[in-house]
Amino acid sequence: MTAVWFAALALLLAGPVPAALARARWTWQVPRAALVLWQSVALAAVLATLGAGLASLTLLFTEQPGFPFLARHGLLQTTLNGLTSFLVAVVTVRFWAVALLVGVRTRRRRNRHREMVDLLHRRESTGEVDRAVLGESGVRVLAGPGRAAYCVPGVRGNRVVLSDGVLQELTAQEVRAVLAHERAHLRARHDLVLEGFTALHAAFPRLVSSRSALDTVRLLVEMLADDAARRRAGSLPLARALVQLASAPGGDGEMAVGADAATRVRRLAQRPAGECGAGDRALPRRGLAVTVYAVAAVVLLAPTAAIALPWLLTSWDFLTR
Amino acid sequence: MALGELERDVMDRLWTAGRPLTVREVHEELATHRKIAYTTVMTVLDRLAKKKVVRQEREGRAFRYSPAATQEQMIAGLMLDALGGVSGQDDRQAALVHFVGGVSAAEAAALREALDAVTAAEAAGDTTGPT
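Chains as they are written, first to last, in my numbering: chain A, 38 to 358; chain B, 18 to 148.
Read the hints as simulated data drawn from the structure, not as lab findings. Every residue, glycine too, gets a C-beta built ideally from N, C-alpha and C.
Derived pair list, reagent style EDC-like, types lysine to aspartate or glutamate, alpha-carbon separation capped at 20 Å:
| # | chain 1 | residue 1 | chain 2 | residue 2 |
| --- | --- | --- | --- | --- |
| 1 | B | Lys68 | A | Glu152 |
| 2 | B | Lys67 | A | Asp155 |
| 3 | B | Lys69 | A | Asp155 |
Label-pair restraints from in silico Cβ distances:
| # | chain 1 | residue 1 | chain 2 | residue 2 | range |
| --- | --- | --- | --- | --- | --- |
| 4 | A | Gly175 | B | Lys69 | 19 to 29 Å |
| 5 | A | Thr208 | B | Gly94 | 21 to 31 Å |
| 6 | A | Glu206 | B | Arg36 | 33 to 43 Å |
Covered by chain B, per the in silico footprint, the following chain A stretches (three or more residues, Cβ under 8 Å):
| # | stretch |
| --- | --- |
| 7 | 141-148 |
| 8 | 151-161 |
| 9 | 188-195 |
| 10 | 213-225 |
Construct the complete structure from the given sequences, taking the supplied hints into account.
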């Protein structure tokens, strides 16, 4: 029975739960808590899958020596258990192999990119905004008309990269907002969260929820960095920078993440800049965050306690008998 | 850090030279501005060759080095890499984290509207204090 429970839980956590979570709008109020919940759901799904496999396997082998399982439960049940174990093994191996591959590729590309940025960035400052930006540690400016504003995470040294196109189009305040946003990504290691969900999507690209999970987590991470940036530089400069950089002139819009930009800007309008000062709105938001954290803990711990513990106890009982 | 600066200086020499240079020639150029060992220059050129940003060609007993591309070309390539020009790769990687993606013309209108809302909200909230 344990295997069935685990399998049902795994399917639930891999299908309807992330689908509902991806549709939810309340998550935008509490991006940090929502990200914790997403990670907890993903981890719980992985654990439940593993649990289903192990439980099926133990059923096959722990009853009695010889072929007692086949004799007692019949061919169908035995086949089902064997199949489940096999399927879980395939899924698990696939996930970890792809995760490893994604990790290696990501780091290789990042290292290469950082090396090239360090080799090619502009060192001479030409204006006042320029001097302030070039003076900041870890900030690199690329000459050229393109619009690039991004960060290169990594333990061997972070970089925030801006292109001349960006510096020319934004005011000093807006540049400050962009830098604060990217710094927030680097400080909180958002790249690790993104990497996990990227691996999940890369391993199971046809699973619809892995796609929407990645998209949603990306958006939440951006919102989290937006919140950090607005605290430092204000909502309006941040919103202006978003609009300016997202709406490129000419056919530059082939990247299909644009809907997120409007969502983020709209969100900046909804919440007042000094969020600590807004007592009437801060309180329910805090309550929501606490609830979400609690749910995240339950999602992760409850299955372990409810299913795994009894199963572990019986297994132990059998082994020590 | 210092090594990075040195790599940059060496690249600058190669870019301005306009012809393949030997280690000795690069060293002579650099040595006019600073104290630097011949072997250091050799190491740096070797590293740059490993990174495939300089080409190494044998001429007699010496190696000559030239940039793999012009500075402009390399920056353009880097920008292309940054902006996801290597299409289809980004979904399988999380290498770079961008500030914002591009949008279509229709979405740009929605974006402007959203900005107006922020401006209005900011104006209304101005009395609560500085941003």
